[in-house]
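Each protein sequence line maps, in turn, to chains B and A. Mind the numbering: the first sequence is residues 1 to 309 in the numbering used here, read in order. Mind the numbering: the second sequence is residues 1 to 309 in the numbering used here, read in order.
Hints were generated in silico from the structure; no laboratory data involved. Any given hint could turn out to be false.
Chain copies aren't distinguished; within one or between two, either way the pair holds.
[To be verified] Cut-off 30 Å, straight-line C-alpha distance, at most; resulting in silico cross-link-like pairs (BS3-like, lysine-lysine):
#1 LYS239 / LYS283
#2 LYS287 / LYS16
#3 LYS283 / LYS235
#4 LYS258 / LYS235
#5 LYS239 / LYS185
#6 LYS258 / LYS239
#7 LYS235 / LYS287
#8 LYS283 / LYS60
There are 2 protein chains.
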Amino acid sequence: MSDLFSDRLLDAIVQKGSPICVGIDPIFDLLPDAVAGDSRTRNANDAEASIDAIFAFTTKVLEIVAPHVPIVKFQSAYFEKYLWEGVEAYYSLVQEASEMGLLVIGDVKRGDIGSTSGAYAGAHLAPPMFDEMEEVVTPDAITINPFCGLDSIEPFVKTAKDYSKGLFVLVRTSNPGSVQLQDAKLEDGRTFSEMLADNLNAIATDAALVGDSGYSSLGAVVGATQTHTMESLRKRLPKSIFLLPGYGTQGATGEMTKAAFTDGKGAIVSASRSILYAHRDEKYAGKSWEDAVGGAVRAMQDDLSTITR
Amino acid sequence: MSDLFSDRLLDAIVQKGSPICVGIDPIFDLLPDAVAGDSRTRNANDAEASIDAIFAFTTKVLEIVAPHVPIVKFQSAYFEKYLWEGVEAYYSLVQEASEMGLLVIGDVKRGDIGSTSGAYAGAHLAPPMFDEMEEVVTPDAITINPFCGLDSIEPFVKTAKDYSKGLFVLVRTSNPGSVQLQDAKLEDGRTFSEMLADNLNAIATDAALVGDSGYSSLGAVVGATQTHTMESLRKRLPKSIFLLPGYGTQGATGEMTKAAFTDGKGAIVSASRSILYAHRDEKYAGKSWEDAVGGAVRAMQDDLSTITR
Numbered sequence: 001m002s003d004l005f006s007d008r009l010l011d012a013i014v015q016k017g018s019p020i021c022v023g024i025d026p027i028f029d030l031l032p033d034a035v036a037g038d039s040r041t042r043n044a045n046d047a048e049a050s051i052d053a054i055f056a057f058t059t060k061v062l063e064i065v066a067p068h069v070p071i072v073k074f075q076s077a078y079f080e081k082y083l084w085e086g087v088e089a090y091y092s093l094v095q096e097a098s099e100m101g102l103l104v105i106g107d108v109k110r111g112d113i114g115s116t117s118g119a120y121a122g123a124h125l126a127p128p129m130f131d132e133m134e135e136v137v138t139p140d141a142i143t144i145n146p147f148c149g150l151d152s153i154e155p156f157v158k159t160a161k162d163y164s165k166g167l168f169v170l171v172r173t174s175n176p177g178s179v180q181l182q183d184a185k186l187e188d189g190r191t192f193s194e195m196l197a198d199n200l201n202a203i204a205t206d207a208a209l210v211g212d213s214g215y216s217s218l219g220a221v222v223g224a225t226q227t228h229t230m231e232s233l234r235k236r237l238p239k240s241i242f243l244l245p246g247y248g249t250q251g252a253t254g255e256m257t258k259a260a261f262t263d264g265k266g267a268i269v270s271a272s273r274s275i276l277y278a279h280r281d282e283k284y285a286g287k288s289w290e291d292a293v294g295g296a297v298r299a300m301q302d303d304l305s306t307i308t309r
Numbered sequence: 001m002s003d004l005f006s007d008r009l010l011d012a013i014v015q016k017g018s019p020i021c022v023g024i025d026p027i028f029d030l031l032p033d034a035v036a037g038d039s040r041t042r043n044a045n046d047a048e049a050s051i052d053a054i055f056a057f058t059t060k061v062l063e064i065v066a067p068h069v070p071i072v073k074f075q076s077a078y079f080e081k082y083l084w085e086g087v088e089a090y091y092s093l094v095q096e097a098s099e100m101g102l103l104v105i106g107d108v109k110r111g112d113i114g115s116t117s118g119a120y121a122g123a124h125l126a127p128p129m130f131d132e133m134e135e136v137v138t139p140d141a142i143t144i145n146p147f148c149g150l151d152s153i154e155p156f157v158k159t160a161k162d163y164s165k166g167l168f169v170l171v172r173t174s175n176p177g178s179v180q181l182q183d184a185k186l187e188d189g190r191t192f193s194e195m196l197a198d199n200l201n202a203i204a205t206d207a208a209l210v211g212d213s214g215y216s217s218l219g220a221v222v223g224a225t226q227t228h229t230m231e232s233l234r235k236r237l238p239k240s241i242f243l244l245p246g247y248g249t250q251g252a253t254g255e256m257t258k259a260a261f262t263d264g265k266g267a268i269v270s271a272s273r274s275i276l277y278a279h280r281d282e283k284y285a286g287k288s289w290e291d292a293v294g295g296a297v298r299a300m301q302d303d304l305s306t307i308t309r
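For reference, chain B alone in the conformation it holds in the complex (with noise of 0.2 Å):
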């Protein structure tokens, strides 16, 4: 296989045995006491101490899912928040997957016009060009928003290129509000979305960007949630990845995500709420957390074992 995005994450699917992006979504308020102090007294002003909780927190689940699934996607909102320290605890613990030997995609959703769009490909994909940073790790592949037109998307599609990274551009979100924007019926009868589909696909099938697996290094987001339009999302990208958000708490089940595969593959389903803080949940109840975020996995896979067999 070569070393395009596509093709590293094929063979590390079938390597890991699941289709599971764990999402990494650190909420401080929701992580276990054993890690970050009892829940009822914690301190969420403290920035220093929050972002240390989320790093020893963040580090023992990259170790626990490690084995079993070939990628995580970093949510980039909740290192933000903590402003620069978040930032730079969200490069470290980048790098901290991708020694685990874990593909990591950064959950930006970046998006900008023309030369803006570059400066945001340097920052979030391409590696450092800094002579004091470049041990740093950007990730393998990062989410883009297409809003500002498919233009705006070709800077992060040349960056992807030059450094065999990968993207996952917005086609379909998981939110109930989605429906508003995303299935505008268009004059021609197709939804806002699949004409945005068949836009992405003459990106998606240039031969730079497709691997000897068939697959495009070029990816799209598409909610687990939207059984109503996967198939025919699915046939107008059929050599995209397809990234599906919302399995868990959002309410998608591996059932719902059919559609997105061909084959068994093609697709990896994210969840990250009902993994990262499974020992809420009453069926763990007694379990370590640690116990507790590695059976959600493993009922996870038990769950998909059906669709990509």
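Chain B is fixed; fit chain A onto it per the hints.
Frame of chain B; chain A shown alone:
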């Protein structure tokens, strides 16, 4: 006038006598030699020296423009490029601008679903809640990306209400490729942007956002280059202040912004490179870079004076 962002902005426009927003897009390669050293030999791979030069340059630009313009807009991408070090510089410069009496927009174009948008609002718009970061100043307003849906905007709106801050929602961007997605024709005859504007207006006209001036703290980004649709969007969002990027280097003129104003009010025109890097324009040959910046601001004031008078 009330303390709402919209009232503060309209008041500042009157006080400064111009509806100009200076876009702070600091690009190391374009900085004047007097600030960053000989452009043929300067080292862009030295992050620390680059940030120092950007800091010195931006501070000086702010000093020059502060007497003449009500508001500046910091482009986050050009700071994120320097990872957490750049993010720290961003917040410091936001504070500098604020202390000079300028209103500040953080051009971050964030957008995500539900509680993740809440985390972004906490990072970029709310005053920091952390004991160690009490002094940190966040922008008076930020730009946000509505792609995920109107529900994804709600956490930003709540934060704007809680702290008398403002929002500029992307409605029609200034890049050539915006036409493909944003002008997509819906089956009811509206373009996608027009439909988005109609939906946003329901939020913008919320009494808690509308100031004594009659304008809302929920504004819209409409490219100054998009003359063909500006009149229609103005009608659909009568209470929203328009942020009009694209003036100068991207080709828009004062005349092209006319339809965004109502009786000379209700819009700010944003220029970045044509002001920041005016020293590269042969019109200002022989002048210091500081005089070039000042000259470019005054030329823009003149150009806009027929619109706002």
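So which hints don't hold here, by number, going up? As far as the earlier hints go, 1, 3, 7 are violated by this structure, in ascending order.
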